[in-house]
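Participant: Could you build all of it, start to finish, from the sequences and the hints given here?
In terms of this note's numbering, the sequence shown opens at residue 83 and continues consecutively.
These aren't lab readings, by the way, just hints derived from the structure by calculation.
For glycine and all other residues, C-beta sits at the position ideal for the given N, C-alpha and C.
Incorrect hints may appear among the rest.
[Unchecked claim] Label-pair ranges, simulated between beta-carbon atoms: (1) R177 x P352: 40 to 48 Å; (2) W279 x L225: 39 to 47 Å; (3) D277 x R177: 15 to 23 Å; (4) R232 x R167: 31 to 39 Å; (5) T308 x L225: 23 to 31 Å; (6) D174 x L275: 22 to 30 Å; (7) G171 x R236: 30 to 38 Å; (8) T170 x L225: 19 to 27 Å.
[Claimed, not checked] Here are the simulated DMTMM-like pairs of lysine to aspartate or glutamate, each with C-alpha atoms no more than 25 Å apart in a straight line: (9) K353 x E215; (10) K270 x D128; (11) K270 x E259; (12) K343 x E215.
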Amino acid sequence: MARPIVRGTAAWKYFGDFRDALLAEQVLVLQVAHPVVAAGVRDHSDYTADPWTRLMRTVASLSIYVYGGTAGARVEAARLRALHRTFTGVADGRRYSALDPAAYAWVHATLVKAPVDAQRFFGQPLSTSELSEYYAQMRGIGLVLGIRERDLPRDWADFERYYDAMVAGFGANSTIETLFETIRTAPKPVRFLPDSWWRRLQRGQMLLVRATLPPSLRETLGLQWTDADQRRFERFAACVRIACTPIPAWVRTAPMRWVGKLNVWLRAHPKVYRALVRHDGPGAQPRP
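Facilitator: Here's what the structure looks like:
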């Protein structure tokens, strides 16, 4: 039985660490490397037209699972499953569903792995005991999300074997190419950001994708990686590590925790939510 996710536990400390955001694009690439996820994103996602709104909705939804309490997580999980039930189509001559058990479990797996990788690259790697607690807590969230127990590895060692085997089976697809193009060409999130700064940030985003993807997948996708790239990434990672590691966990997780609590409150007050953002919630379909 996993410990509840409360202040000081592993999932509480690491899932919402602001350094996790450095792996946001890497997570998306890994998700759409799965052919079913790729087809669903291709046919049903609007992220290429409005990537920043999509990102905010995704962050709002994720924050609820860990920081919104069990009741909030269950409500959000039910909403997501109802939404994704409508995401069906045909890919390579076969019908697919966004709720395909293996694909649904894989999306969760990428979100489980990213905070661990973020600490490995930009902080202090989790200890064996922290990994055990973290994975048990995130496995519990997977069950709340409706992932079948048999699709959730039993412990962290099993999870790593599952994760590596999944990555080894992936190849290039058109959705990944579209995602790369979106990263390279996305408009500025705010107008006052100078164009030259934004171009540098875009190049930096692609460097982070190439640096943090599993090397085997990076090679499969034909992404160049040089010794100069490695040195550049190591310098950046060291700066982040030095600047952020001394910051207490309650500060590093504060933005995600606040977003989670706010979204639980907004779920309980839908009229207020619609008045503020003119939408029914992160990822929701427009009302008739």
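Participant: Now tell me, hint by hint, if it's right for this structure.
Facilitator: Results of checking the hints against the structure:
Against the hinted window of 40 to 48 Å, the Cβ-Cβ separation of R177 and P352 comes to about 33 Å, which falls outside the hint. For the hinted restraint 39 to 47 Å between W279 and L225, the CB-CB distance of approximately 43 Å keeps it satisfied. Under the hint 15 to 23 Å, the C-beta atoms of D277 and R177, about 44 Å apart, miss the expected range. At about 21 Å, the CB distance of R232 to R167 disagrees with the hint of 31 to 39 Å.
Against the hinted window of 23 to 31 Å, the Cβ-Cβ separation of T308 and L225 comes to about 43 Å, which falls outside the hint. For the hinted restraint 22 to 30 Å between D174 and L275, the CB-CB distance of approximately 40 Å leaves it violated. For G171 and R236, the hinted distance range of 30 to 38 Å is satisfied, since their beta carbons lie about 33 Å from each other. The supplied range of 19 to 27 Å is met by T170 and L225, whose beta-carbon atoms lie about 24 Å from each other.
Distance hint between K353 and E215 is unfulfilled; the C-alpha atoms sit about 38 Å from each other, more than 25 Å. Between K270 and D128 the alpha-carbon distance is near 17 Å, which keeps this suggested pair within the 25 Å criterion. Taken as a hint, the K270 and E259 pair is honoured in the structure, with Cα atoms around 20 Å apart against an allowance of 25 Å. Proposed proximity of K343 and E215 is supported: the alpha carbons are some 23 Å apart, at most 25 Å.
This entry does not satisfy hints 1, 3, 4, 5, 6 and 9, going by the numbered hints stated previously.
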